[in-house]
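Undergrad: In case you want the letters, here they are:
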Amino acid sequence: MSTQDKDEMLRTFTAKAEAVSCVVEEVPSMAKAFDYVVDLCGKKEACKLLISGCEEALSKKAEGLCETKQAKLVAAPNLNKKDFGSLKKKCNDNGFVCIDEGMRDHLAGTDIGVALCQGGIADTGTVILDSDSEETRLATMISEIFVAVVPKSKLFANTYEAEDVVSKLIGKDPSYTAFITGASRTADIERVLALGVHGPLEMHVLLLDK
Amino acid sequence: MQKAHDLKEYREEVGQALDNEFLRKAMDNFARAYPQGRAKAFAGMDAAALIAEIAEAKDESVSHMEELYQEFKKNAEAAGVKVHRARTAAEANEIIADIAREENCKNIVKSKSMTAEETLLNHHLEAEGLQVTETDLGEWIIQLRHEGPTHMVMPAIHLSRDQVAGLFSQVTGSNQPNEVEKLVKVARRELRQRYVDADMGISGANFCLADSGAIGLVTNEGNARLVTTLPRVHVALAGLEKLTPSLHDALRVLKALPRNATGQAITSYVTWIKGQSECKAAEDNKKSYHIVFLDNGRTAMSKDPLFKEVLRCIRCGACANVCPVYRMVGGHQYGHIYIGAIGLILTYFFHGRDKAKNLVKNCINCQACKAVCAAGIDLPRMIKEVLARIQDEEGHELESRLLSKAMSNRRFFHGLLRSARYAQKMFGTKTSADHKGKYQRHLPMLLSKEHGFREIPKLADTPFRDKFPKLREKVEHPRYVVGLFGGCAEDFLYPEHLESGMETFKGQRVDVRYPMSQTCCGLPLMMMGETTTERDVAKQNIRAFDPAELDYIICHCPSCASHLKGYPNLFKNDPEWHLLAQRFADKVIDYSSFVQEELEMGKEHFEQGGPRAAYHSPCHLCRGMGVHEAPRKLLGTGGYDYVEMKEEEVCCGFGGTYSVKFPRISSQILKTKLDHIEESGADLLVTDCPGCVMQIRGGLDKRGSKVKVRHMSEALAERKKPGGGHP
Ligand code: SF4
Ligand code: SF4
Numbered sequence: 001m002s003t004q005d006k007d008e009m010l011r012t013f014t015a016k017a018e019a020v021s022c023v024v025e026e027v028p029s030m031a032k033a034f035d036y037v038v039d040l041c042g043k044k045e046a047c048k049l050l051i052s053g054c055e056e057a058l059s060k061k062a063e064g065l066c067e068t069k070q071a072k073l074v075a076a077p078n079l080n081k082k083d084f085g086s087l088k089k090k091c092n093d094n095g096f097v098c099i100d101e102g103m104r105d106h107l108a109g110t111d112i113g114v115a116l117c118q119g120g121i122a123d124t125g126t127v128i129l130d131s132d133s134e135e136t137r138l139a140t141m142i143s144e145i146f147v148a149v150v151p152k153s154k155l156f157a158n159t160y161e162a163e164d165v166v167s168k169l170i171g172k173d174p175s176y177t178a179f180i181t182g183a184s185r186t187a188d189i190e191r192v193l194a195l196g197v198h199g200p201l202e203m204h205v206l207l208l209d210k
Numbered sequence: 001m002q003k004a005h006d007l008k009e010y011r012e013e014v015g016q017a018l019d020n021e022f023l024r025k026a027m028d029n030f031a032r033a034y035p036q037g038r039a040k041a042f043a044g045m046d047a048a049a050l051i052a053e054i055a056e057a058k059d060e061s062v063s064h065m066e067e068l069y070q071e072f073k074k075n076a077e078a079a080g081v082k083v084h085r086a087r088t089a090a091e092a093n094e095i096i097a098d099i100a101r102e103e104n105c106k107n108i109v110k111s112k113s114m115t116a117e118e119t120l121l122n123h124h125l126e127a128e129g130l131q132v133t134e135t136d137l138g139e140w141i142i143q144l145r146h147e148g149p150t151h152m153v154m155p156a157i158h159l160s161r162d163q164v165a166g167l168f169s170q171v172t173g174s175n176q177p178n179e180v181e182k183l184v185k186v187a188r189r190e191l192r193q194r195y196v197d198a199d200m201g202i203s204g205a206n207f208c209l210a211d212s213g214a215i216g217l218v219t220n221e222g223n224a225r226l227v228t229t230l231p232r233v234h235v236a237l238a239g240l241e242k243l244t245p246s247l248h249d250a251l252r253v254l255k256a257l258p259r260n261a262t263g264q265a266i267t268s269y270v271t272w273i274k275g276q277s278e279c280k281a282a283e284d285n286k287k288s289y290h291i292v293f294l295d296n297g298r299t300a301m302s303k304d305p306l307f308k309e310v311l312r313c314i315r316c317g318a319c320a321n322v323c324p325v326y327r328m329v330g331g332h333q334y335g336h337i338y339i340g341a342i343g344l345i346l347t348y349f350f351h352g353r354d355k356a357k358n359l360v361k362n363c364i365n366c367q368a369c370k371a372v373c374a375a376g377i378d379l380p381r382m383i384k385e386v387l388a389r390i391q392d393e394e395g396h397e398l399e400s401r402l403l404s405k406a407m408s409n410r411r412f413f414h415g416l417l418r419s420a421r422y423a424q425k426m427f428g429t430k431t432s433a434d435h436k437g438k439y440q441r442h443l444p445m446l447l448s449k450e451h452g453f454r455e456i457p458k459l460a461d462t463p464f465r466d467k468f469p470k471l472r473e474k475v476e477h478p479r480y481v482v483g484l485f486g487g488c489a490e491d492f493l494y495p496e497h498l499e500s501g502m503e504t505f506k507g508q509r510v511d512v513r514y515p516m517s518q519t520c521c522g523l524p525l526m527m528m529g530e531t532t533t534e535r536d537v538a539k540q541n542i543r544a545f546d547p548a549e550l551d552y553i554i555c556h557c558p559s560c561a562s563h564l565k566g567y568p569n570l571f572k573n574d575p576e577w578h579l580l581a582q583r584f585a586d587k588v589i590d591y592s593s594f595v596q597e598e599l600e601m602g603k604e605h606f607e608q609g610g611p612r613a614a615y616h617s618p619c620h621l622c623r624g625m626g627v628h629e630a631p632r633k634l635l636g637t638g639g640y641d642y643v644e645m646k647e648e649e650v651c652c653g654f655g656g657t658y659s660v661k662f663p664r665i666s667s668q669i670l671k672t673k674l675d676h677i678e679e680s681g682a683d684l685l686v687t688d689c690p691g692c693v694m695q696i697r698g699g700l701d702k703r704g705s706k707v708k709v710r711h712m713s714e715a716l717a718e719r720k721k722p723g724g725g726h727p
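Chains as they are written, first to last, in my numbering: chain R, 1 to 210; chain S, 1 to 727.
Be careful, since some hints might not be right.
What the hints assert, rightly or not - 30 Å max Cα-Cα, derived DSSO-like pairs, lysine-lysine:
1. S:646 - S:572
2. R:72 - S:182
3. R:32 - R:6
4. R:88 - S:286
5. S:280 - R:89
6. S:280 - R:172
7. R:90 - S:280
8. S:40 - S:646
9. R:89 - R:154
10. S:280 - R:88
Unchecked claim - What follows is a list of derived Cβ distance ranges for each label pair:
11. S:33 - R:39: 36 to 42 Å
12. R:193 - S:127: 35 to 41 Å
13. R:32 - S:88: 44 to 50 Å
14. S:28 - R:39: 45 to 51 Å
15. S:597 - R:25: 41 to 47 Å
16. R:164 - S:392: 29 to 35 Å
17. S:145 - R:25: 39 to 45 Å
18. S:28 - R:193: 46 to 52 Å
19. R:89 - S:32: 37 to 43 Å
20. S:127 - R:89: 40 to 46 Å
21. R:39 - S:675: 49 to 55 Å
Claimed, not checked - Some, not all, of what chain S presents toward chain R, calculated at C-beta under 8 Å:
22. 164
23. 268
24. 276
25. 532
26. 535
These are calculated hints, taken from the structure and not from any lab test.
From a predicted model like this one, the values you see are computed outputs, not experimental measurements.
Beta carbons are placed, not taken as given, at the ideal position from N, Cα and C, and that holds for glycine.
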């Protein structure tokens, strides 16, 4: 593929992802991606204040769940050991907790879920995520912000182009594969669009030079 | 859900829906917004080609449903999945209840599944003492209200934020604000606890991929991901028609499904699951995973030459989104569980004749659903076929039988129409100031108050067929030899449209024939489910015209035209007549297209500088015949100042016998049309169909509006310069 085609694909991906309220950034390295995560975590308010609706009164049981919440928490279960180590260090330096397992202990919600994706689909602004691990599934669902890191080399023009990769993922036994395109959304009340109904309230995509 | 016992009760329920102001406003806003969203989503794509591909691939899958099932089963079982098959809805529910018992599950979370709605799964499980929570926001809301969905994709579209706030206040035991954003967050946190408590998750499946044994789930909220992740047991319930050979087929459907459903390029989440994925709540870390396939008549349907097409449906909901009747009455009155055009059909097959018999009458045959269907299903035709089946099973209604009987004999039928002219004299006529035509003061069969929304025209003194011999021009060296197909409305009600048409042809060297043995096109018979007579009259018309000596068969009524074009469909099982019907249908053209595209008359033939004219595009012209540009261009040629109005291609609410059967819906649809006409500032409303003329002119006159209504042929004849022949 020519550089021109690649640039075109990058532009399309960015435009399409932004169209569904994703924040898209290009990052030169994993280290920079982690800086972005830490920076984002620092700026955001601690877990599910206001936007998650914590100020609204709930039934006793649902309220109870929230008592498990704690210091700001970043979850990144699908990174390799080395990458996780460096992210964890950056988090700890900033006073955030960083975990790669035990998501079921944090079902009330975490601040940021980070995942390295297996691909991206330009014409819909979608990321492809191998979610075989339960930890990965949960980290990317119960976080308030989902940060998806996508290597630029793994962008595809459309779903048909990505078919081989997806086929391989689906072919595993067992397999749990996800296309994710923007934050969790609903328009079920009066067709008013609202983000963050069950999953993340925000999605960021970091396009990685690699 | 359908509770009405007869048409009268059904009409009362429809009436209540029409009186529900919030519903009307919500549906109206949606109906206006949807087409733009859809168009945007498909921009730059060849939607028609994609739909044709989907239809073809789906047909292929449906014809191999059994093999696909076996292949899927083999692959899924190899991956440790338990595959079940249910013959009926009740059986599916029992299988799932059994799984809950065996796996010792008490708390169930569900993501959205129309198939589970079809089987009324929740009722069954709750009766078994299980706690079931819907997690899709819309589904949760209607579950709390103990009602069914009113839309397949947006199940709670009929409810206001106030109603939801009230409901959530009850659930949480504390007062909730009526702000959408906040209500969504309340659901987020309430439901999160339900996931935590659940030991079983139930999902549907949008795709079941035979070659891998994986399923695909399409959602926006992401609830399906939690439902299939947190509980230790997962049960997926899928109709057999969801079986598809491979990922590629699913990806193809995925291109159209979200675009057609909500105008999205793709939904937020598409999840592919194969085998027993990791689950830390399960003892061995492996999810216990069951797939229940529901037949419920699908296998039989897949073998029905006519109705197998219905199994193409991908449940995008678009056929409701564009339906003018759905727009007026909402989903509770436009389906039983499945909603919209497809709902009218599926109700009969899945929930029985009793639930379907009133519903299927409530289709105006505007073709809007067919035009957007992601799977290219001929929905209006299927609806009429269901109606015909119900009539055959239950006995035909008296009025339907009478119509059928009368129409099967042309002489008798035309005799009736002629004598009706004398009958109407007894009831008096009145003349409208602005319009040429006269109106019935009363028509015996239309005495009810509900028909008072428009004036009803009176039958012409002399039908066109009696005038024709005198009007016919001798043409040397004709450019075209054409047959006029009059149709009942033009021949007996509005002969002036045909006369005006003859006027515009003058000097154009068009040799016009009017075969006297032609009769009604048969559309009213189809509308009433009288398919046998429908075929009989089709044969009469095919015999009446000789395609060998005609270049075109011209219709001034696009409803007739599109019905004639569809004749070959009537003879799918009769090769000889199919061929004759095809030869006949190939020659059929509408008046505007003939004048614009064939005669190519120019501005020089018409006085220029005419009044402002708006255009109403008849359903059977724009969608039935695929004609969009010709009439609008023709207005300019004819010297009119064409002004665009809103929703030009939306139905006017006439639909022939429909407006007699459902006068309140018809008048409500008409009202929107009349508002648009008056807002446009036009002096004149031009259209191409006698039915639309009757409906719109009758409505405008009733309002005392100054806007005049003309058939295109009249509009052109009025401005045609004398002479100016074609060289
Ligand atoms: S033909 Fe028109 S009225 Fe009938 S179901 Fe389709 S959209 Fe609705
Ligand atoms: S019938 Fe067609 S438009 Fe209606 S839901 Fe099915 S696929 Fe969509």
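Undergrad: What hint numbers does the structure not satisfy?
TA: The structure conflicts with hints 1, 13, 15, 16, 18, 19, 20, 25 and 26, although it agrees with all the remaining ones.
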